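Asks: Listed below are the residues making up each chain.
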Amino acid sequence: MDTIATNRLGLPNLGLGVGLRSKHYSHLMQNDPVVDWFEIISENYMNNFGYGRHVLSHIASIRPVVMHGVSMSVGSTDPLNLDYLKQLKQLADFVNPVWISDHLCWTGVANINTHDLLPLPLTVESLHHVANRVNQIQDILQRPLILENPSTYLEFESSTLHEWEFLSELVNRTGCGLLLDVNNVFVSGFNHGFDPEFYIRNIPHKSVVQIHVAGPTDCDTYLLDTHDQPVPTQVWKLYQLAQELTGGVSTLLEWDANIPEYPELVAEVQKAKEVLKGRLPNVPVYRTSAVDVVSNPVNHQMQATHE
Amino acid sequence: MSELTTLQKWLTSIIVRPGMLDDKIRLADEYYQLKNDKVIRPSLRLSAKQKIEIYSKGYILRLLECIEAEYPALNKLLGQNLFHTFVKAYLVQLPPNSPDLYNLGEAFPAFLKASQPQTTHSDTDVLMYNLPVDLAMFERCIAEVSRIEGLENRIKEGADNQMPYLFNTTAIYTSPCLKLLRLQFPLVDFVQSVYNDLEPEIPVTQDSFVCVCRKNYRINFHELEAWQWHFLNRLQNKPNYMAAVIDTATICSIPTDTIMADLILWIPVAISFGYVYLK
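Residue numbers (the working numbering), protein chains in the order written: chain L, 150 to 456; chain B, 8 to 286.
No lab work stands behind these hints: they were computed from the structure.
On a predicted model such as this, the values are computed, not experimentally measured, just so you know.
From the three backbone atoms N, C-alpha and C, an ideal C-beta is built for every residue, glycine too.
Incorrect hints may appear among the rest.
To be verified - With the C-beta cut set under 10 Å, the calculated list includes, among others, these residues of chain L facing chain B:
| id | residue |
| --- | --- |
| 1 | Y200 |
| 2 | H203 |
| 3 | S225 |
| 4 | G257 |
| 5 | N260 |
| 6 | L267 |
| 7 | L303 |
| 8 | S308 |
| 9 | G338 |
| 10 | E346 |
| 11 | N351 |
| 12 | P353 |
| 13 | D369 |
| 14 | G427 |
| 15 | P430 |
| 16 | N431 |
Stated by the list, open to error - Below are the DSBU-like pairs computed for lysine-lysine, each with C-alpha atoms no more than 35 Å apart in a straight line:
| id | chain 1 | residue 1 | chain 2 | residue 2 |
| --- | --- | --- | --- | --- |
| 17 | L | K422 | L | K386 |
| 18 | B | K45 | L | K238 |
| 19 | B | K95 | L | K172 |
| 20 | B | K64 | L | K235 |
| 21 | B | K186 | L | K235 |
| 22 | L | K386 | B | K245 |
| 23 | L | K235 | B | K245 |
| 24 | B | K42 | B | K83 |
| 25 | L | K426 | L | K386 |
| 26 | L | K386 | L | K355 |
| 27 | B | K83 | L | K235 |
Isolated chain L (complex conformation) (with noise of 0.2 Å):
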């Protein structure tokens, strides 16, 4: 894919990419990595000095890198964890990232990491509130922020916004950019009862500097975000969508648990580019009747090379 320089906030179009996780190191230290560049979860790299490290030094060095975090709590009202923001910047300062994001959701409050995404009640209250915060954080990175829309099982009855509107308004408040996760709009969209079309419609696309895609797991009564299958025909339709409303933005395969061999990765997140031109793989939502399901947005990496 050509890597278009864009106005999206003066951000370019990557290409294609997927996301650095452990069990990929060996083949990625030995092989051409084939992708276009890759999305580090950024909690895995600080304060880590070990092989994964080592081996994101050499990616970084052959491929653009970008970081993405779970646990910024943009939307918590505990204080902003200001020590985690430096860490961020001294990972920022190794890696050398195009960007930084994270998710428009809070992680805990009262000094509790929940380590899940939890969702924000979507009111002027709350955007006052994620405007002031998003706008520390961008002084202290001294970079844009970019926010991805969360998968989210809860709406709240307090909520005057829809997502589309709070994530415009968030845009106009703060200069930040948009992480645009396809298959969290058709998750929510599926969860919460709302047309994920007229979600993508209704953003503002010149601020989407990255997609998601990702395949998520139908536990009958909702969609989970379980990023442990392929990507299903409708993610994909989403995603032309997007592509064809910002004009083309940087495309990455979330892939977080049963992953794949690294072929198998690359080859369906190659499936975009026939999505572009106009044929979409036919790959319905994995179902599934087992209860404990689980969404682990985290990625945890215990990696360790033992002898």
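Got chain L sorted already, so can you dock chain B onto it with the hints?
Replies: Same frame as chain L, now just chain B:
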């Protein structure tokens, strides 16, 4: 307290509190003077409580998965049900407060130790209660060694084959990622078997001197002889080769000359595994 703060505290308390979902929601509703069905919008498919349950259930499953990844040998020893029972109790007592999941399991060995009965009466008790604690300490140590700063950027390639330490012992330092453990069970084979997907044998009580280290991003853990362990321990606390030799000789009741002679043979091994390096 703002409405946003109240809602966040209300939901967090439900997610992290132990017990049945209905009880957790009722207690949170009472404490924060909210009504869950007025806070959370129900849908045709799910009630407010069922929506909350997705988060409440996910919290435990996600963190269990993370601690399982850090303590595979302990999980094997205890069996999944008992292991999960301890982890759930741990999460209730110490809900995570760090943005870094690496810190999640940090206090688990101390939690297990504190959960032991104060007095033990038989060898069986010792085995039952102390073995999981030792194993947890060992596995946490491995996790830490995998991430802390090591020798990778400090030693020059090929330095292993040189033997200048014979002439300049003041240049010998312990690795920054060397961890020394004194355990009540020999656990190296047990842990290695679990990592290799083999059926491990339950060890019997025996003083065990273990070191865990990393070199070239490869983690090594070995059982050491007591004098080797004490020598590394002394050198780690105070980087003075001769002082470490003398202290080791005293602690182990071995003549200093013998320690020095044995070190001439063993130091190259210690360098090759990255326990020590030449500055």
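Asks: Now tell me if each hint is right for this structure.
Replies: Verification of the supplied hints:
no., hint, in the structure
1, Y200, "holds (4 Å)"
2, H203, "holds (6 Å)"
3, S225, "holds (7 Å)"
4, G257, "holds (6 Å)"
5, N260, "holds (5 Å)"
6, L267, "holds (7 Å)"
7, L303, "holds (4 Å)"
8, S308, "holds (8 Å)"
9, G338, "violated (12 Å)"
10, E346, "violated (20 Å)"
11, N351, "violated (20 Å)"
12, P353, "violated (24 Å)"
13, D369, "holds (9 Å)"
14, G427, "violated (33 Å)"
15, P430, "violated (27 Å)"
16, N431, "violated (26 Å)"
17, L:K422 with L:K386, "holds (13 Å)"
18, B:K45 with L:K238, "violated (41 Å)"
19, B:K95 with L:K172, "holds (27 Å)"
20, B:K64 with L:K235, "holds (32 Å)"
21, B:K186 with L:K235, "holds (28 Å)"
22, L:K386 with B:K245, "violated (64 Å)"
23, L:K235 with B:K245, "holds (32 Å)"
24, B:K42 with B:K83, "violated (43 Å)"
25, L:K426 with L:K386, "holds (12 Å)"
26, L:K386 with L:K355, "holds (20 Å)"
27, B:K83 with L:K235, "violated (38 Å)"
Hint violations for this structure: numbers 9, 10, 11, 12, 14, 15, 16, 18, 22, 24, 27, all remaining hints satisfied.
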